[in-house]
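Peer 1: Listed below, chain by chain, are the residues.
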Amino acid sequence: MAMIELINVSKNLGGKQVLDHMGLTVEEGETKVIIGRSGVGKSVTLKHIVRLLEPDEGNVRVEGRDVLALHGRELNELHMEIGLVFQGGALFDSLTVGENVGFILREHMNMAQSEIDKRVKESLALVGLYDVELYMPADLSGGMKKRVALARAICTRPKIILYDEPTTGVDPITADAINQLIDELHDKLKVTSIVVTHDMRSAYKVADRIAMLYEGKIIAEGTPDEIRYSHNPYVHQFITGAAHGPITDGQNSVSTNAG
Amino acid sequence: MFLLRKTFYMALGAKVLSLVHFIGGIVSLGLQAVVLIPARPLGGGRIFEQAKKVGVDSLPIVALVSFFIGVILALQTAYIMQKMSSEIYIASIVAVSLTRELGPVITALIVAGRSGAGITAELGTMAVTEQVDALVTLGSNPIKYLVVPRFLSMTFMLPILTLFANAIGIFGGYLIGVYHLSIRSSLYMNMTFGTLVYKDLFTGLVKTIVFGMIIALVACYEGLNVRGGAEGVGKATTMSVVNTFIMIIAADCFFTALFYFFVK
Ligand SMILES: Nc1ncnc2c1ncn2[C@@H]1O[C@H](COP(=O)(O)OP(=O)(O)OP(=O)(O)O)[C@@H](O)[C@H]1O
Ligand SMILES: [Mg+2]
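Heads up: the sequence lines are chains A and B, in that order. For what it's worth, my numbering labels the leading residue of the first sequence as 1, then goes sequentially. For what it's worth, my numbering labels the leading residue of the second sequence as 1, then goes sequentially.
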């Protein structure tokens, strides 16, 4: 069954057509990696799935439910099923790390404090953090914030996890640990996930399928190997990280911009 | 000439539209907040925390300012009353003008500048760092979680602060009256509380409740609607204070007229 479906989604933001009749399907238990240049609309895509943004046109479905038709309680329930790791972490800076991670448990579930503490500890351990519950987010390094955000998203064991660049800004060892965590959640808990990333190493490692977003559409999709050996010139330029190619030709690259 | 007039009317139209939009936004935020008050989880801890921030932390500055206002009022009225040898009325004038007008307005302006600006900066920062979005994805309604506690605590704490300000202001006037103008202490007290009627206190406090709502709603509205990073937060904070001041004075004028004509 398709767990997440974006059907013909278009979105104009600030006069720019960010998504243009875009379609994306994620099957149950699948890990889909979305790649694409900065500013192409990857975060915007994720925000449509949890209805932080509503499409101008098109449809969004999660587990067969029309997300745009959900109201009040139903929408809340949807939110509880989906863990979203924000690109910038979006930790509440007035709460401690422990309170951040256990937010849903404390606010929306009738759970004893000792039980919450246990779950928070477990979730933090999963991302490789120990004894940081009493820190304030402002006192953490960038990579630690990212991991706390990850812990917060997985704390309720959601069915769906959306990761917005989970390995950006963390050291290679931690990045690998995060990749492993994504893999484990996929293998053991059968979580359905979307991972947005620029990091091709991480993409190859965690992906069941990789989709590339370009000019508001998914222009290529396939298994890691299909993408790796793709003949599509756009995909090829992106995954090899070449400064020149079809993506940069005919649009303002850094060098032509100056002139 | 024609062109100039046209652009003038267009600019005026845009201003009126944005004002209508602003007022509409404030009213709708207020209605949503009121509807969400009984929603669960109630969040008593957050209300208490905000009440402490608004009330207790504002006490020193409110006390200081209202004390000075009381002293100033007494001295200024003394200037004219001494000419007419009717110093004993100083007590009444200080008491009435504080409870009816100056106490509520000065306290509201202080709290708007202090707590209102703080609320806008805090919520604005949360908005630009996606913390408000994060709240939504964690199943909490930002209006319930952020606006309701601030709205309630502001609406409850401002009247209490105002009562306190009135008392300190009257005390300031008393010091001048008794120790500088040598009015007998018991006479001063009689003139203060003899003239004060229930209506003076009541009209003052009704205004204060409305001021509290205005401060909280404008501050939250400006904060939640911040766009554009740190610069946006700065702008919104300024706008929040300016708009609150204007709305407080406008509401004050409205209520004063209302009470003057209709509450006899
Ligand atoms: N709230 C908004 N208002 C106006 N424009 C927006 C808004 N949010 C995003 N955009 C625009 O939409 C485009 C896509 O943004 P998005 O954040 O999805 O990029 P991205 O693919 O996630 O990039 P990155 O890899 O750098 O995070 C950008 O051009 C951005 O300027
Ligand atoms: Mg992004």
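The reader is advised that the hints may include incorrect statements.
Residues from chain B shown here face chain A by an in silico Cβ test under 8 angstroms; the list is partial [to be verified]: (1) A78; (2) E130; (3) D133; (4) S185; (5) S186; (6) T195.
Just a sample of chain A residues kept apart from chain B, beta carbon distances all over 10 angstroms, derived [to be verified]: (7) H71; (8) N76; (9) L91; (10) D93; (11) Y130; (12) R152; (13) T168.
Have a look at the derived ranges for each label pair, beta carbon to beta carbon [claimed, not checked]: (14) B/T7 - A/R157: 32 to 42 angstroms; (15) A/E107 - B/R5: 30 to 40 angstroms; (16) B/G44 - A/R228: 47 to 57 angstroms; (17) B/K235 - A/S38: 48 to 58 angstroms; (18) B/L4 - A/G64: 53 to 63 angstroms; (19) B/G24 - A/H231: 52 to 62 angstroms; (20) A/D93 - B/H180: 48 to 58 angstroms; (21) B/Y79 - A/G14: 56 to 66 angstroms.
Quick caveat, the hints were computed from the structure, so don't treat them as lab data. Virtual Cβ for every residue (Gly too), placed ideally from N, Cα, C.
Peer 1: For every hint, state whether the structure bears it out.
Peer 2: For each hint, the structure was consulted:
For the restraint placing B/A78 at the interface with chain A, the shortest Cβ-Cβ distance is roughly 48 angstroms, beyond the 8 angstroms limit, so the hint is violated. For the restraint placing B/E130 at the interface with chain A, the shortest Cβ-Cβ distance is roughly 4 angstroms, inside the 8 angstroms limit, so the hint holds. Here the hint on B/D133 is kept, as its CB sits about 5 angstroms from the closest CB of chain A, short of 8 angstroms. Because the smallest distance between the Cβ of B/S185 and any Cβ of chain A comes to about 48 angstroms, over 8 angstroms, the interface hint for this residue is violated.
Contact between B/S186 and chain A, as hinted, is not supported at the beta carbon level, the nearest pair being about 51 angstroms apart and thus beyond 8 angstroms. The criterion of a C-beta within 8 angstroms of any C-beta in chain A is not met by B/T195, whose closest approach is roughly 47 angstroms, and the hint is violated. Under the 10 angstroms C-beta cut-off, the non-interface status given to A/H71 relative to chain B holds; the minimum distance is some 12 angstroms. Distance check on A/N76: its Cβ comes as close as 5 angstroms (rounded) to a Cβ of chain B, failing to clear the 10 angstroms threshold; non-interface status is violated.
With a least CB separation of 7 angstroms from chain B, A/L91 falls inside the 10 angstroms interface cut-off, contrary to its annotation. Not every Cβ of chain B is farther than 10 angstroms from the Cβ of A/D93; the closest lies at roughly 7 angstroms, contradicting the non-interface assignment. Look at A/Y130: its CB is around 23 angstroms from the nearest CB on chain B, clear of 10 angstroms, so calling it non-interface holds up. A Cβ of chain B approaches the Cβ of A/R152 within 10 angstroms, the least distance being about 8 angstroms, so the stated non-interface status is violated.
The claim that A/T168 lies off the interface holds: its Cβ sits roughly 15 angstroms from the closest Cβ of chain B, which is beyond the 10 angstroms cut-off. Evaluation of the 32 to 42 angstroms hint for B/T7 and A/R157 yields a failure: the beta carbon distance comes to about 60 angstroms. In this structure the supplied range 30 to 40 angstroms is violated for A/E107 paired with B/R5, their Cβ-Cβ distance being about 56 angstroms. Restraint check, B/G44 to A/R228: a C-beta distance of roughly 56 angstroms satisfies the suggested window 47 to 57 angstroms.
Separation of B/K235 from A/S38 is about 27 angstroms and departs from the stated range, judged on CB atoms against 48 to 58 angstroms. For B/L4 and A/G64, the hinted distance range of 53 to 63 angstroms is satisfied, since their beta carbons lie about 60 angstroms from each other. The given range of 52 to 62 angstroms is respected by B/G24 and A/H231, whose C-beta atoms sit roughly 55 angstroms from each other. For the pair A/D93 and B/H180, the supplied restraint of 48 to 58 angstroms holds, since their beta-carbon distance comes to about 51 angstroms.
The supplied range of 56 to 66 angstroms is met by B/Y79 and A/G14, whose beta-carbon atoms lie about 60 angstroms from each other.
Violated hints for the displayed structure, listed by number in ascending order: 1, 4, 5, 6, 8, 9, 10, 12, 14, 15, 17.
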